[in-house]
Amino acid sequence: MFDIKNKVVIITGGANGIGAATVEILLEKEAKVTVLDIDANSLLKLEEKLNNKFVKASVKYIKCDITKDNELYEAFNSVQKENGQIDIVINNAAIGQETMDTYKKLIEVNYTALVTSTLKALKVMRKDTGGRGGTIKQEYYSITGVRVLTICFGATDSNMMPNMKSFDPIIDENMESVSKSYPTQTIWSAAEGVVHVYQNGTSGDTWLVNGNKPAINITEKVKKAYHILSEDIFP
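Number 94 in this note's numbering belongs to position 37 of the sequence shown; there are no gaps in the numbering.
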């Protein structure tokens with residue numbers, strides 16, 4: 058099991074929802090956390106809340122638009138300079154509006170910035186170039202000492218859920234109907250799942266955190282699905 062105490066953590070989109078809950082749990086476990094978020098007001102509210110709850114917690118808040126490389130790199134460099142290393146990067150920031158007006162932004166936040174952050178983390182953390190290793194496929198882990206873990210969240214009672222939209226109103230109606238039939242998990246259950254995956258995951262793993270249940274390793278199911286899809290390509 059990987060220990061969290063004194064680990065230097067960066068979490069994107071950490072001012073609300075699953076991110077904010079994860080920050081609290083990490084601080085309870087005595088991690089050193091830097092919260093990145095584009096929402097300055099939410100950062101201030103989180104800072105006030107955590108100052109009242111934690112007396113000696115090591116936490117820093119940075120307003121950052123992760124879709125702008127210079128802001129993201131500056132945040133990483135600041136954390137590394139202050140702490141000497143970065144141990145964990147949690148790419149939590151996301152938006153859920155898949156409309157004609159927002160789909161480009163969704164790609165920038167949910168995909169492009171995630172890749173940029175992961176590559177920056179790998180560069181900073183890899184042992185073969187002077188880093189300490191950490192968590193961000195197995196062949197890379199053996200060289201770099203950096204784990205890469207994927208978490209799939211089920212429907213979660215966060216501020217993202219009410220704002221989720223798609224291109225098609227019919228899909229929106231179906232999503233609303235499904236959400237009423239299946240209860241959402243709490244942000245705390247989701248955040249506990251994040252911490253569990255960090256402590257127990259192997260590089261290349263995919264985990265499911267859903268329904269207020271313990272995190273489940275679904276790596277073999279994902280591999281099986283890829284195998285089925287590739288059967289006609291690599292017979």
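You may find that some hints are simply not true.
[As the list claims (entries may be wrong)] Taking lysine to aspartate or glutamate and the EDC-like style, the derived pairs with C-alpha atoms no more than 16 angstroms apart in a straight line are: (1) K106 <-> E81; (2) K270 <-> E288; (3) K110 <-> E139; (4) K120 <-> E155; (5) K177 <-> E104; (6) K180 <-> D214; (7) K117 <-> E104; (8) K86 <-> D214; (9) K125 <-> E81; (10) K117 <-> E155; (11) K177 <-> E131; (12) K102 <-> E81; (13) K177 <-> D214; (14) K113 <-> E155; (15) K117 <-> E131; (16) K117 <-> E165; (17) K62 <-> E81; (18) K138 <-> E155; (19) K117 <-> E81; (20) K125 <-> E139; (21) K117 <-> E139; (22) K125 <-> E104; (23) K86 <-> E128; (24) K162 <-> D214; (25) K222 <-> D126; (26) K110 <-> E87; (27) K237 <-> D214; (28) K62 <-> D96; (29) K125 <-> D96; (30) K113 <-> D96; (31) K62 <-> E85; (32) K117 <-> D96; (33) K120 <-> E104; (34) K270 <-> D289; (35) K113 <-> E87; (36) K106 <-> E139; (37) K270 <-> D229.
[Stated by the list, open to error] Label pairs and their in silico Cβ distance ranges: (38) K113 <-> K184: 28 to 36 angstroms; (39) G141 <-> L176: 42 to 50 angstroms; (40) P271 <-> K102: 27 to 35 angstroms.
Derived by calculation from the structure, the hints in this document are not laboratory data.
Bear in mind that the values here come from a model prediction, so they are computed numbers and not experimental data.
Note that the Cβ used here is the ideal one computed from N, Cα and C, for glycine as well.
Going through the hints against the structure:
For the given pair, K106 sits about 10 angstroms from E81 by alpha-carbon distance, which is consistent with the 16 angstroms threshold. A C-alpha spacing of about 33 angstroms is found between K270 and E288, which places the hinted pair above 16 angstroms, so the restraint is violated. A threshold of 16 angstroms between alpha carbons decides the hint, and for K110 with E139 the separation of about 24 angstroms lies outside it, so the pair is violated. Between the alpha carbons of K120 and E155 the distance comes to roughly 24 angstroms, so the proposed pair goes past 16 angstroms and is violated.
Using a Cα cut-off of 16 angstroms, the hinted pair K177 and E104 is violated, with the two alpha carbons roughly 26 angstroms apart. Simply put, K180 and D214 have alpha-carbon atoms about 34 angstroms apart, too far for the 16 angstroms limit, and the pair is violated. Straight-line distance between C-alpha atoms of K117 and E104 comes to about 9 angstroms, which keeps the hinted pair within the 16 angstroms bound. The suggested pairing of K86 with D214 is violated, with an alpha-carbon distance near 24 angstroms, which exceeds 16 angstroms.
Proximity of K125 to E81 is assessed by CA-CA distance (about 26 angstroms); at most 16 angstroms being required, the pair is judged violated. Distance check on the hinted pair: K117 and E155 sit about 31 angstroms apart at the alpha-carbon level, beyond 16 angstroms; violated. Of the pairs offered as hints, the one joining K177 and E131 holds, with about 11 angstroms between alpha carbons and a cut-off of 16 angstroms not exceeded. A distance of roughly 13 angstroms separates the Cα atoms of K102 and E81; the hinted pair therefore holds under the 16 angstroms criterion.
Taking the CA atoms of K177 and D214, the gap is about 30 angstroms. The hint is violated against a cut of 16 angstroms. At roughly 41 angstroms between alpha-carbon atoms, K113 and E155 are farther apart than 16 angstroms, so this suggested pair is violated. Only pairs whose Cα atoms come within 16 angstroms are accepted, and K117 paired with E131 is accepted, the gap being roughly 14 angstroms. Taking the CA atoms of K117 and E165, the gap is about 25 angstroms. The hint is violated against a cut of 16 angstroms.
Proximity of K62 to E81 is assessed by CA-CA distance (about 13 angstroms); at most 16 angstroms being required, the pair is judged to hold. Taking the CA atoms of K138 and E155, the gap is about 37 angstroms. The hint is violated against a cut of 16 angstroms. At most 16 angstroms may separate the alpha-carbon atoms for a hinted pair to count; K117 and E81 meet this at roughly 13 angstroms. For the hint linking K125 to E139, the alpha-carbon distance of about 22 angstroms lies beyond 16 angstroms, and the restraint is violated.
Between K117 and E139 the CA atoms are separated by roughly 11 angstroms; this keeps the pair inside 16 angstroms, and the hint holds. Between K125 and E104, the direct Cα distance comes to roughly 24 angstroms. Violation of the 16 angstroms bound is thereby established for this hinted pair. With a C-alpha separation of about 28 angstroms, the suggested pair K86 and E128 falls outside the 16 angstroms cut-off, and the hint is violated. Our distance criterion of 16 angstroms between C-alpha atoms is broken by K162 and D214, whose separation comes to about 23 angstroms.
A C-alpha spacing of about 27 angstroms is found between K222 and D126, which places the hinted pair above 16 angstroms, so the restraint is violated. A threshold of 16 angstroms between alpha carbons decides the hint, and for K110 with E87 the separation of about 13 angstroms falls inside it, so the pair holds. Distance hint between K237 and D214 is fulfilled; the C-alpha atoms sit about 12 angstroms from each other, no more than 16 angstroms. The hinted pair formed by K62 and D96 fails the criterion: a straight-line CA distance of about 28 angstroms is larger than 16 angstroms.
Distance restraint check for K125 and D96: the Cα-Cα separation of roughly 15 angstroms lies within the 16 angstroms cut-off, and the hinted pair is therefore satisfied. As the CA atoms of K113 and D96 are separated by approximately 24 angstroms, the hinted pair breaks the 16 angstroms bound. A threshold of 16 angstroms between alpha carbons decides the hint, and for K62 with E85 the separation of about 9 angstroms falls inside it, so the pair holds. With a CA separation close to 15 angstroms, the supplied pair K117 and D96 stays within the 16 angstroms bound.
Restraint check for K120 and E104: the C-alpha separation of about 12 angstroms stays at or below 16 angstroms, so the hint holds. Between K270 and D289 the CA atoms are separated by roughly 36 angstroms; this puts the pair beyond 16 angstroms, and the hint is violated. Among the hinted pairs, K113 with E87 is consistent with the structure: their alpha-carbon atoms are about 9 angstroms apart, no more than 16 angstroms. For the given pair, K106 sits about 24 angstroms from E139 by alpha-carbon distance, which is inconsistent with the 16 angstroms threshold.
Taken as a hint, the K270 and D229 pair is broken in the structure, with Cα atoms around 26 angstroms apart against an allowance of 16 angstroms. Between K113 and K184 the C-beta distance comes to about 30 angstroms, which sits within the given range of 28 to 36 angstroms. Separation of G141 from L176 is about 21 angstroms and departs from the stated range, judged on CB atoms against 42 to 50 angstroms. The hint said 27 to 35 angstroms for the Cβ distance between P271 and K102, and at roughly 30 angstroms that hint holds.
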